[in-house]
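Number of protein chains: 2
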Amino acid sequence: MSDRISHQGLRGKVMSADDAAQLIKPGDQIGFSGFTGAGYPKEMPGAIARRITEATERGEEFRINVLTGASTAPELDGVLAETGGVNWRAPYQSDPTLRGKINDGTTYYSDIHLSHSGQMTTQGFFGPVDVAIVEAVRIKEDGSIVPSSSVGNSVNYLQAAERIIIEVNEWQSAELEGMHDIWLPGLPPARQIIPIEESGQRIGKAAIDIDPAKVVAVVETNAPDRNSPFKPLDEDSKRIAGHLIDFFEHEVAQGRLPENLLPLQSGVGNIANAVLAGLLDSKFENLTSYTEVIQDGMIELLDNGTMSVASATSFALSPDAADRMNEKASDYAKKIILRPQEVSNHAEVIRRLGVISCNGLIEADIYGNVNSTHIMGTKMMNGLGGSGDFTRNAYISTFVSPSTAKGGDISAIVPMVSHVDHTEHDVMVIITEQGLADLRGLAPRQRAKVVIDKCAHPDYKEALTEYVERAEKQPKVGMHTPHDLREALGWHQRFLETGSMKA
Amino acid sequence: MSDRISHQGLRGKVMSADDAAQLIKPGDQIGFSGFTGAGYPKEMPGAIARRITEATERGEEFRINVLTGASTAPELDGVLAETGGVNWRAPYQSDPTLRGKINDGTTYYSDIHLSHSGQMTTQGFFGPVDVAIVEAVRIKEDGSIVPSSSVGNSVNYLQAAERIIIEVNEWQSAELEGMHDIWLPGLPPARQIIPIEESGQRIGKAAIDIDPAKVVAVVETNAPDRNSPFKPLDEDSKRIAGHLIDFFEHEVAQGRLPENLLPLQSGVGNIANAVLAGLLDSKFENLTSYTEVIQDGMIELLDNGTMSVASATSFALSPDAADRMNEKASDYAKKIILRPQEVSNHAEVIRRLGVISCNGLIEADIYGNVNSTHIMGTKMMNGLGGSGDFTRNAYISTFVSPSTAKGGDISAIVPMVSHVDHTEHDVMVIITEQGLADLRGLAPRQRAKVVIDKCAHPDYKEALTEYVERAEKQPKVGMHTPHDLREALGWHQRFLETGSMKA
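Protein chains in written order, with my numbering: chain A, 45 to 547; chain B, 45 to 547.
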């Protein structure tokens with residue numbers, strides 16, 4: 045048995061994943077660890093999926109509700125979704141199989157701000173958490189758990205759950221111990237001030253206290269996180285990064301940002317990674333980050349000293365970077381802090397520190413509303429994630445995207461977005477490879493001019509301008525936000541009918 | 045001269061409003077005091093309007109940008125809008141004349157979260173503030189200003205402005221001194237923790253420090269606030285209040301709220317006032333409020349002891365209640381605190397205290413998105429106000445509205461809202477006179493069932509249900525948020541064409 049299980053009583057609970065899965069009941073609501081493919085349990089979900097499939101084959105109803113930190117991996121969301129046994133899922137996912145089940149109506153998906161999901165669970169808004177299944181680096185003598193490559197909502201789920209199952213994963217470096225900062229503000233009326241005044245400040249403990257009496261099983265695993273490689277930087281991503289860095293330089297010159305900027309938040313994905321890579325070659329120094337996920341680009345900034353400290357709740361690394369992290373985790377723990385997502389994404393800290401947010405979008409409209417979640421207004425892509433947590437409390441909120449998708453058949457700039465995740469009141473800057481639209485202080489009609497001029501692809505500029513002109517001539521139109529309601533969603537309908545937004 | 049001007053140097057700056065208006069230049073950006081018709085300067089706007097009109101008649105261009113706390117009154121927004129000389133306005137208004145200018149394209153309006161507007165001014169996002177024009181109860185010996193019936197953004201504007209004009213209003217009770225709590229968190233990277241842990245906690249000073257050298261004029265006035273009477277409670281408002289109070293009782297019974305609830309925020313208007321009146325007759329005790337505006341209903345709760353303390357940034361009282369306030373201001377100062385709107389509406393405090401928010405809506409859609417600002421997608425009604433500040437950080441967010449408007453020709457529940465101010469991710473509870481929809485933890489299709497069942501007017505229920513059924517059958521539809529994009533905004537278009545949403 046692994047020497048990573050130091051609590052005597054819990055050593056007696058070690059069993060196989062399939063035996064532990066027998067402790068899961070139909071209808072259970074399960075809180076899993078895991079955030080952006082890091083720190084999720086590797087074997088239990090598969091064992092539960094087998095149990096669901098067997099029950100279904102016997103003609104029994106066996107469905108579960110699944111809570112996590114954020115997205116996981118094929119070994120969690122994928123295998124569970126495959127069974128058709130996921131009744132309800134929150135707060136974020138990015139798995140192709142699960143996405144299919146959400147969009148065909150098999151699975152109900154509640155797309156919740158990541159910083160609110162743990163709090164809402166603790167507040168009892170989703171009903172009881174029956175089981176928490178959490179990956180750990182090790183179990184300490186007192187039963188407390190050292191989390192692995194993410195913290196996510198594990199603390200909330202471990203506190204709320206009736207039963208606990210721990211996966212101790214030998215693949216995760218034991219040196220991650222000390223990187224985590226475990227602290228939650230509690231519930232009102234006694235919710236505490238979050239005393240973080242700098243990204244790098246530690247306020248909590250290195251491990252999660254649990255009640256060992258609630259642990260019903262401990263499973264030993266040795267398996268890597270989902271870690272997938274980033275794509276090589278393409279020209280569009282480099283241009284987007286260039287526009288953003290120019291903007292930063294301009295804001296510093298205008299005295300609206302300090303020379304080392306303010307703490308950066310960077311969404312997940314290739315463009316965000318390109319922005320970080322762009323900062324590597326910029327003149328900026330002593331950067332800090334208060335974000336939710338640490339990607340390769342941020343590790344490089346930490347490695348070369350451009351960034352001094354990064355606070356997050358999870359990693360999302362390439363396999364190579366994950367190997368380096370595992371080798372040098374105790375070194376990185378001096379510059380990296382992993383917090384519960386309720387704290388990494390908390391309005392209070394984000395607004396206090398003045399975080400500069402940078403997130404992707406699916407589409408933006410001419411008036412500055414952003415859709416981050418829905419394809420053509422009805423199909424869920426991934427979810428909101430932490431984009432709302434950061435955007436709505438940011439000192440400066442930015443969104444990045446190529447100006448077209450599907451080989452040019454979709455314009456990322458449309459007359460009216462088909463779903464709104466970030467309102468005109470929260471979106472300050474939109475950037476495409478075409479340019480940067482600074483919307484701060486502008487009224488909707490002023491925004492339309494700037495968005496079309498700076499961000500839209502040349503193939504769509506004329507059509508957008510003509511839309512505005514027609515909208516302004518509609519009978520009974522308000523000139524605050526002119527629209528032709530018959531045509532506002534027409535680009536999306538055309539795409540559904542013809543495969544292109546082009547007329 | 046008034047004995048309310050105790051600073052010797054500033055006594056020498058006393059002049060008429062018309063003389064002071066000569067100090068305003070074309071193109072000036074002016075930050076006015078004032079919030080929900082309380083504490084705005086009474087004479088300077090009229091004098092500036094006269095100056096604009098005279099210049100315009102001479103053929104000169106004279107336009108200004110107007111910042112305030114929130115809505116003001118005919119004597120400010122009304123007279124300035126009448127001239128056509130308001131180029132740009134932020135962050136909130138409710139004036140009929142100004143609304144007309146916004147919707148006919150004369151005035152650009154930037155509809156900004158109230159808690160962000162002061163901060164964004166200080167951050168320099170709107171350019172320099174040329175003049176601050178602020179109403180005061182008195183000017184103290186050291187030149188500091190005792191604000192009147194609102195605090196709003198006055199501190200930010202006084203700090204940012206190049207020139208300052210003070211209106212000292214004898215109508216406002218001198219006993220208001222001591223009710224205000226002047227404190228701002230500053231700017232990042234040195235922004236401070238807001239140390240408020242209870243609604244009633246005072247953290248600042250009773251007056252606003254200014255640089256007397258920046259004061260170019262002091263004007264003496266004696267005029268009441270806009271105070272308008274509330275309508276008598278109608279049956280719909282009473283039913284809405286009843287549903288909300290039943291919900292509170294249920295949440296307490298389920299252990300999800302303490303017996304004295306959590307601090308209440310209540311939007312402005314008759315329904316919000318009805319909810320407060322409903323609490324007066326309920327079994328709840330020891331209530332507290334952390335809100336932006338104190339209306340008559342809240343004063344009654346404080347008077348009869350049902351509520352122990354109320355924190356806000358402004359009053360919005362009937363003439364009778366305003367008279368009582370002026371008579372007993374020093375008594376009320378023990379239970380009422382007026383803060384800068386950056387603090388009264390701040391994400392950090394709202395989330396820490398666990399505020400229960402209650403705001404009106406123009407329309408909600410079946411999936412839980414809320415439109416608070418736009419009529420038929422294009423015309424600005426008033427603006428977002430503080431609804432976003434509170435909703436997005438609330439412990440429980442609620443929205444209240446009658447289920448129909450315009451004698452039944454408009455349904456407040458529609459297939460898709462024509463503008464989104466509060467996304468599906470932030471709206472927890474919707475209440476009409478028909479009933480209450482608790483949307484917490486529900487996926488969009490689940491929400492549609494509950495919203496139609498509980499909130500829609502019987503005249504529109506069948507049409508909404510049929511819409512969902514048709515939407516679910518659309519080719520290529522995603523079953524996460526089913527829509528027929530050709531029909532989603534069809535109810536609004538029908539209203540524009542026929543005067544009714546009814547088919």
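Derived from the structure by calculation, the hints contain no laboratory data.
Treat the hints with care, as some may be off.
It does not matter which identical chain is used: a pair holds within one copy or between any two.
With a cut-off of at most 30 Å between alpha-carbon atoms, the simulated DSS-like pairs for lysine-lysine come out as follows [claimed, not checked]:
| id | residue 1 | residue 2 |
| --- | --- | --- |
| 1 | Lys517 | Lys546 |
| 2 | Lys493 | Lys69 |
| 3 | Lys520 | Lys450 |
| 4 | Lys275 | Lys378 |
| 5 | Lys282 | Lys517 |
| 6 | Lys275 | Lys69 |
| 7 | Lys378 | Lys520 |
| 8 | Lys520 | Lys546 |
So, going through the hints one by one against the coordinates:
With identical chains, the CA atoms of Lys517 and Lys546 are at most 30 Å apart both within one copy (22 Å) and between copies (25 Å). In this assembly of identical chains, Lys493 and Lys69 lie within 30 Å of each other by CA distance solely across copies; the values are 28 Å between and 57 Å within a copy. When the C-alpha separation of Lys520 and Lys450 is checked against a cutoff of 30 Å, the pair qualifies only between copies, where the shortest distance is 16 Å, while the shortest distance within a copy is 36 Å. Taking the shortest alpha-carbon separations for Lys275 and Lys378, only the intra-copy value of 28 Å comes in at or below 30 Å, while the best inter-copy value is 62 Å.
Neither within a single protomer nor between protomers do Lys282 and Lys517 lie at most 30 Å apart by alpha-carbon distance, with minima of 39 Å and 42 Å respectively. For a Cα distance limit of 30 Å, the shortest separation of Lys275 from Lys69 qualifies neither inside one copy, at 41 Å, nor across copies, at 55 Å. Taking identical chains as interchangeable, the C-alpha atoms of Lys378 and Lys520 are never at most 30 Å apart, the minima being 61 Å within one chain and 50 Å between chains. Proximity of Lys520 and Lys546 under a CA criterion of 30 Å is satisfied in both settings, with 28 Å inside one chain copy and 19 Å between copies.
Hint compliance for this structure: hints 5, 6, 7 are broken, all remaining hints hold.
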